Amino acid sequence: MAQAFPFSAIVGQDEMKLAILAAAVDPRIGGVLVFGDRGTGKSTAVRALAALLPPMRALVGCRYACDPADRSAHCDDCATLKGKARPKTHLVPVPVVDLPLGATEDRVVGALDLERALTQGVKAFEPGLLARAHRGFLYIDEVNLLEDHLVDLLIDVAASGENVVEREGLSVRHPARFVLVGSGNPEEGELRPQLLDRFGLAVEVRTPTELAQRVLVVRRRDAFERDPEAFTAEWHAEDERVRKRIVAARKHLNDVRVDDAALERAAQLCMALGTDGLRGELTLMRAARALAALDGDAAVADEHLQRAAKPALRHRLRRDPLDDTDAGARVERALQQVFAT
Amino acid sequence: MNDAPAAAAAWADAVWAATLCAVDPHGLGGIALRANAGPVRDQWTAVLRSLFDAQTPWRRMPSHIGDERMLGGLDLAATLQAGRPVAQRGLLAECDGGVLLLPMAERLSAATAARLAQVLDRGEIGAEREGVAGNWPCRIGIVAFDEGRDDDPALPQALADRLAFHCDLHTLGWGHVGDAAHRAADIQAARARLPRVSVPEPIAQALCATALRMGVPSLRVSLLALRAARAAAALQGRLEVEEEDARLAARLVLAPRATVAPPPSEEPAEPPPPPEDESAQAPPSQDETQALEDRLIEATQAALPAGLLAALLNGEAARSAGRVGALSGSPRSGRPVGSRAGLPRGGARLNLIDTLRAAAPWQRLRAASAPPGRQRVHVRGSDLRIARLQQRAATATLFVIDASGSSALHRLAEAKGAVNLLLAECYVRRDQVGVIAFRGRAAEVLLPPTRSLVRAKRSLAELPGGGGTPLAAGLQAALGMAAQVRRAGAVPVVVLLTDGRANIALDGGPGRARAEADALQMGRLLRGAGLSALVVDTSPQPSAAAQKLAQAMDAPYRTLPHAGAVELSAAVRALPRPAH
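Residue numbers (the numbering used here), protein chains in the order written: chain C, 1 to 341; chain D, 1001 to 1580.
If you are wondering where the hints come from, they were derived from the structure by calculation, not from laboratory data.
On a predicted model such as this, the values are computed, not experimentally measured, just so you know.
Backbone N, C-alpha and C fix where the C-beta goes; we use that ideal spot for every residue, glycine too.
The reader is advised that the hints may include incorrect statements.
Computed, partial: chain D to chain C, Cβ under 8 Å [unchecked claim]:
(1) Gly1126
(2) Ala1209
(3) Pro1217
(4) Ser1218
(5) Arg1220
(6) Leu1223
(7) Leu1226
(8) Leu1356
(9) Ser1452
For reference, chain C alone in the conformation it holds in the complex (with noise of 0.2 Å):
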């Protein structure tokens, strides 16, 4: 794969940065969109993010790179290996895996080894993408032109973190926990609504109008393009700095307090908003611990929750085909609303 452009060089497009890093924080919080205008960096956001993300650990030999702490979400051949006291263990990178368009279905869920099956005759199993992106992230780029039928079953498996394959004449589960990050422009279509109330933030990047903001980013992509390792070398210590903040973040989350007053705070807002449904209050939730633990603090402080409404809420809201306004402008208002008291 080519160089990834630095995280932390690109320029503005603060939310999407933001949203980003929490779902790097709290797998949880269940997948990122981004949608908006052509050329503002979604898919450079998303590709640099591989490069940044802190190895895991994972136990050898495992297709799927099963976590050896945590034994429930075991694939089968690894729960097998439950009688040995210490199996054994490396570290690999986090896998940021890309669904390209045109993917057939049989090597996105995984599907008979073509090369086993023609040279022995043997009906064995090759995994697809999704278990490549076990434990890591699944990018679709231009999701909304990604056919239906892989659509629905992308769904299917984000939310049950298991892949069932059952096709020619093979019957195999594995796990299949990801995070899901899709990009697109609405311009070449919507998405339909289920699959938007699958993803657990949604940010909307526009690009920016400012002078000095366009130049900069001119100069930046201009530099990298012209002498790509001199760039990320000079972007090193600061990518550094985010890793670090990510595991930090990861260790600190679970000592993050939430309140009554902050779960209070958070009802109240879905409650203006007349998001349907718990999904919201859950993600507006998870979304601001994990601000709060990449910011350090030992507490969700109404801060946090502000911040972490726009991206967990704006594509919950019912839709009302005579109200225009940008959904982001509606949960502005109601974050007026509900601060003011």
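We have chain C; now place chain D onto it with these hints.
Coordinates of chain D only, in the frame set by chain C:
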């Protein structure tokens, strides 16, 4: 274009675009060339070809290419022969380091355009298909030939945004063309120089500011302009971009994309904010940058076609053309429903397990007759099975809205509301929608079939009311759009919102009797075409005319006052959809 200097300038610019593109094909993405097939385009292509080495890959890609051939996949013949999966490079990978020509690029589906865009962004192809995973380098420049007429859809935006140059040669005659000003050797020298060319701060700033003032929001375009300027400097043998290069870049990259007319020069332009002190360089003096920016804008202005500029000055934003809806009825997608004997050609997918199953009974026989070797499984062509796929045919709901003054005016808002509610339904089902409005003398296609709720909403919000009721024209437009939808492989459903009181005949003449006769005639044509339709009466009291029309169309009839959104959407859902 009879205007000789303008034609000569257009040709010269197209040659410049070809030259700069040859210096940095992948960095600049390529060229979108609007020209019909013919000697002018052939000459331009020959000029472009002469700028590259003889061994540079040079491929044409038909717009109906399948994923397998485009991205790569399993090479079936080699796989069977070798007894192990053999991956095959696709057309794009074969083209690495060269130029890809796209004839009839305006017909590209959004999905194909998105694949090309991904390749341009990443410089490599990641294919995950049919049992093989491959990664091939793919640094290409794309030349997209847009052969569209005025009302045809334009290039898919995702692709157009990534191609640095947009040239227009479709009005040029043979008398206007010339030869290349550079040779392949010059280009080689420029390529070697390119990585060392630097861009001074004021130039970068001026290019960005110009883009902003011309109403070109995409940052990618600003970056492309900067790269074009660098390529120009490299070509001139300079190691630093100068104003001349920036002017050329602005003219070639920014001018064709302008959406607002730059403010007239006598009006003091908004001073750019002082640059952030990002680099150690001292910020250039404001006046100097301003002057440079003005000169760049001047350069772009000269390149704007006269008619366009006038239209821009009138405040008419250039209407972005629609695009041929993404083809969804292809044999390549859908859910598998069994298999049949056949060769996996033309995008059909091999069903491996059934193929092996078909080969299984013959193994012992074939092994006995085959030459001894390490081949374990003997598969013959007659064993091959391909998957049969079935896909839910997409529906396109076409709204035909009466925006006339007769009685709809005061109910137009309600009609819009009803359509909006139906739109939300359409999106849950992933239907496409199209919007046609009729008022005054004619009908207008407000929105070609699309899945974008954003665009549908916008087109509705902008819909004015008033004028006569050319009902027949509206129905005729619906008929045309329905035919278009069918060609794209979807099933059209027409929802007509009107009070039925037609008073403009099909030929644009007034007269209630004639107009109503025409409308009924068109209604019968719609029925004859086998279109499912729904008539929603928007008049305050049920109108006899609308009922009669519904009868002629053999369509269910609903009245707006009584039909709530829920009932309307149920009615649309209940419409019969002919199997397709």
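Of the numbered hints stated previously, which ones are contradicted by the structure, given in increasing order? Violated hints: none; all satisfied.
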